[in-house]
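Asks: So the chains spell out like this:
Protein chains: 2
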Amino acid sequence: MIDPRGQEALTGAAQSEIFQILRDGTPRTRSELATLTGLARSTVAARVDALLRVNLLAPVADAASTGGRPSRQFAFDGTRHAVLGVDIGATHVHLALTDLHGTKLDDIQEELAVAEGPDIILGWVIEHGTRLLQQHSDRVTLRAVGVGLPGPVEHTTGRPVDPPIMPGWANFDVPGVLRQSLGVPIYVDYDVNVMALGEHHDYWSDVADLLFVKVASGIGAGVIVGGRVHRGAQGVAGDIGHIWVPEADGVECRCGSLGCLEAIAAGPAIAAKLRARGADVNGTADIIAAVRRGDIDAVREVREAGRIIGRVLTTCVSLINPAVIVLGGALANAGDHLLAGAREVIYTRSTALATGSLQIVRSRGKQDAAVSGASAMAIQHVLSVESVEAMVRVDA
Amino acid sequence: MIDPRGQEALTGAAQSEIFQILRDGTPRTRSELATLTGLARSTVAARVDALLRVNLLAPVADAASTGGRPSRQFAFDGTRHAVLGVDIGATHVHLALTDLHGTKLDDIQEELAVAEGPDIILGWVIEHGTRLLQQHSDRVTLRAVGVGLPGPVEHTTGRPVDPPIMPGWANFDVPGVLRQSLGVPIYVDYDVNVMALGEHHDYWSDVADLLFVKVASGIGAGVIVGGRVHRGAQGVAGDIGHIWVPEADGVECRCGSLGCLEAIAAGPAIAAKLRARGADVNGTADIIAAVRRGDIDAVREVREAGRIIGRVLTTCVSLINPAVIVLGGALANAGDHLLAGAREVIYTRSTALATGSLQIVRSRGKQDAAVSGASAMAIQHVLSVESVEAMVRVDA
Chain A
1161 MIDPRGQEAL TGAAQSEIFQ ILRDGTPRTR SELATLTGLA RSTVAARVDA
1211 LLRVNLLAPV ADAASTGGRP SRQFAFDGTR HAVLGVDIGA THVHLALTDL
1261 HGTKLDDIQE ELAVAEGPDI ILGWVIEHGT RLLQQHSDRV TLRAVGVGLP
1311 GPVEHTTGRP VDPPIMPGWA NFDVPGVLRQ SLGVPIYVDY DVNVMALGEH
1361 HDYWSDVADL LFVKVASGIG AGVIVGGRVH RGAQGVAGDI GHIWVPEADG
1411 VECRCGSLGC LEAIAAGPAI AAKLRARGAD VNGTADIIAA VRRGDIDAVR
1461 EVREAGRIIG RVLTTCVSLI NPAVIVLGGA LANAGDHLLA GAREVIYTRS
1511 TALATGSLQI VRSRGKQDAA VSGASAMAIQ HVLSVESVEA MVRVDA
Chain B
1161 MIDPRGQEAL TGAAQSEIFQ ILRDGTPRTR SELATLTGLA RSTVAARVDA
1211 LLRVNLLAPV ADAASTGGRP SRQFAFDGTR HAVLGVDIGA THVHLALTDL
1261 HGTKLDDIQE ELAVAEGPDI ILGWVIEHGT RLLQQHSDRV TLRAVGVGLP
1311 GPVEHTTGRP VDPPIMPGWA NFDVPGVLRQ SLGVPIYVDY DVNVMALGEH
1361 HDYWSDVADL LFVKVASGIG AGVIVGGRVH RGAQGVAGDI GHIWVPEADG
1411 VECRCGSLGC LEAIAAGPAI AAKLRARGAD VNGTADIIAA VRRGDIDAVR
1461 EVREAGRIIG RVLTTCVSLI NPAVIVLGGA LANAGDHLLA GAREVIYTRS
1511 TALATGSLQI VRSRGKQDAA VSGASAMAIQ HVLSVESVEA MVRVDA
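So the sequence lines, in the order shown, correspond to chains A and B. For the first sequence, the residue numbers in my numbering are 1161 to 1556. For the second sequence, the residue numbers in my numbering are 1161 to 1556.
Don't take every hint at face value.
What the hints assert, rightly or not - Part of the chain A face toward chain B, derived, beta carbon under 7 Å: (1) Gly1198; (2) Ala1200; (3) Val1385; (4) Gln1394; (5) Asp1399; (6) Arg1460; (7) Thr1475; (8) Tyr1507.
None of these hints come from the bench; they were simulated from the model. Where a beta carbon is used, it is the ideal one built from N, C-alpha and C, also for glycine.
Take the sequences, apply the hints, and build the full model.
Replies: Structure below.
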């Protein structure tokens, strides 16, 4: 009466507890693991041997003996495997090779426009990724690749959906192409989700609920709820750039609708406002330069964009009551002006209960938030129950 | 080196898999359970005996023999234990006794204003709850009580926080008082969370993300994310009634702020608008009566309230991308007018991706949504790993 696949999965789940317990880094003996899990000692011994064979565990120097022959201890060892984190931005590509503890072994980046199309961009990733791997092949084996793209991605297939700034990428088989050359599982996600995961993993892992808002040539959010990326029913949770706002009433957005938040508060809209005042500002980079040299108009418009975004975020604060809002992306990273505008509105307009201990901060990962998040996403997958089971099965 | 509490909890977790596996209702033999969990056979046998002793398992008639002596099968039995669901509304109290399968054994309700204060209301709950239990004491043992209150509740203590319509209830020890008389664990939550849980549990358990919006004398939301009630960092997630909206600019809210959603779109605000037109409408009940007799002004104002609420919900849709929005509470239950207004705005203003398969519906549980949700909340706790462990330990 039992579905054989369900049976196998559950057997794995109970045995996998051994590895999931050891992931905390604490060394333990076989006997301690048997007590902790309630599993038979023979099961524990076989499992520890299997994890040693695939280099996910390592024996640890014996603990101080309490009399008698000391038992051997084992601990998680993530130094023999690696993941490749890939941040594909609007105008750059950034690769990092890290081990399973998240330690960066090497990285490389280049100015390259995503609009060049998937052949050129993914060709660059494969060429430089392969070179990085060759340089470190004596130490680590590649286990997975995590990729952040600057547009929405269908979660189940890893293919870009409807990407306004990514001509040629719509429905392109990004995971298939990378897997063919790199030979490992490929995980692809919208860069806002990847950045949210990276900021949470690296700086805010003690909070459960975090909202990451990217403000650059577009506006989007990554939503962390209960410590995990929340995707929603159609996988488009966090798509706040196309919320209708009264300030943008009648203004056309690049998505084809009227009145979207990003049609009034993202880089191109701010640049257009500054050009209307006679400034020579053509894109987000020019706005950042103007802000950095203290141009009053530029500072005022970025702060006003922060206020408009802040009005939308007050509703987000009431709905999900996050512990932290992290503002990232090029416009948020250019000084404190966007942050100041958002804080002004959120702290004024939200309820005292919801903002009593709410932190609103700039991204700490900054330019590395996306590549670090892409690596964290890949590591999460490699250390999951299913992936560890697969490694053990292939080895057996 | 091992924390003894951690060790006990983990041992429990592995053994508890046996009960959590059997919760699906499928009968299984001891041998099947050993295979499914990877636990030692002696562990499984002891565990099954313990669960039989506390009446959470029952032996099932032997399955068709495949030759040889058939092994005995066991399945989850929830008919010997009960929970009390308590819905304390603004003007009523409703009690229901159900078994752990969610089958209602008995219920009772009465018109009673929450403003009478905790002594009178909780006194009624204890008196009538005790009577219901006595009538069914030969069949079931009470294991827990779930309570929904018409205002925010501090999750860790179960005490009401800042309840505008509940004079005398602020910080009152609701769980302590009920526990003293009823002698079981008491779980208390804001009724919007309880109603969201009940609607999800009873009608939408196949979707992960659901937003329940209650529109009555106030406005609040229960947020289900990944199948669980989402509370947020301070436990005030879903508090959408006090979001600032331009339509309410300058209007004073009962919370003391200006411009809150519920200051323009909840029962008292609609009643005030109708009174300003000369109608004799003093509260939510009068609005519902006017709508039911087809009063044009009342229908128009309820529909307009639906539009204003809908504008706030478009942001919620973009942020969390729910599969379903359920509109409940007295004003949503009075015909389709509020629903129609909300749908009009949400389907017009939200992105196609987020609304492609979004359902916006009226509460199906209606008046029973809260009591049913309160029972579901209590059952979830009784069948949790910790609670089952506690029952087994007390019995041992």
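Asks: Holds or violated: is the Cβ of Thr1475/A closer than 7 Å to a Cβ in chain B?
Replies: holds, 4 Å
Asks: Under 7 Å is the threshold here; is the Cβ of Arg1460/A close enough to any Cβ of chain B for the hint to stand?
Replies: Since chain B brings no Cβ nearer than about 23 Å to Arg1460/A, farther than 7 Å, the hint is violated.
Asks: Hint check: is the beta carbon of Asp1399/A less than 7 Å from a beta carbon of chain B?
Replies: holds, 5 Å
Asks: Would you settle whether the hint for Ala1200/A is holds or violated, based on the nearest Cβ-Cβ distance to chain B being less than 7 Å?
Replies: holds, 4 Å
Asks: Hold the hint about Gly1198/A up to the distance rule: shortest CB distance to chain B must be less than 7 Å.
Replies: Since the shortest Cβ distance to chain B is 4 Å, the answer is holds.
Asks: Given Gln1394/A as an interface hint, is the shortest Cβ-Cβ distance to chain B below 7 Å?
Replies: holds, 6 Å
Asks: Can we keep the Val1385/A interface hint, with Cβ of chain B closer than 7 Å?
Replies: holds, 5 Å
Asks: Classify the hint on Tyr1507/A as holds or violated, based on whether any CB of chain B lies nearer than 7 Å to its CB.
Replies: violated, 12 Å
Consistency with the previously given hints fails for numbers 6 and 8, ordered from lowest to highest.
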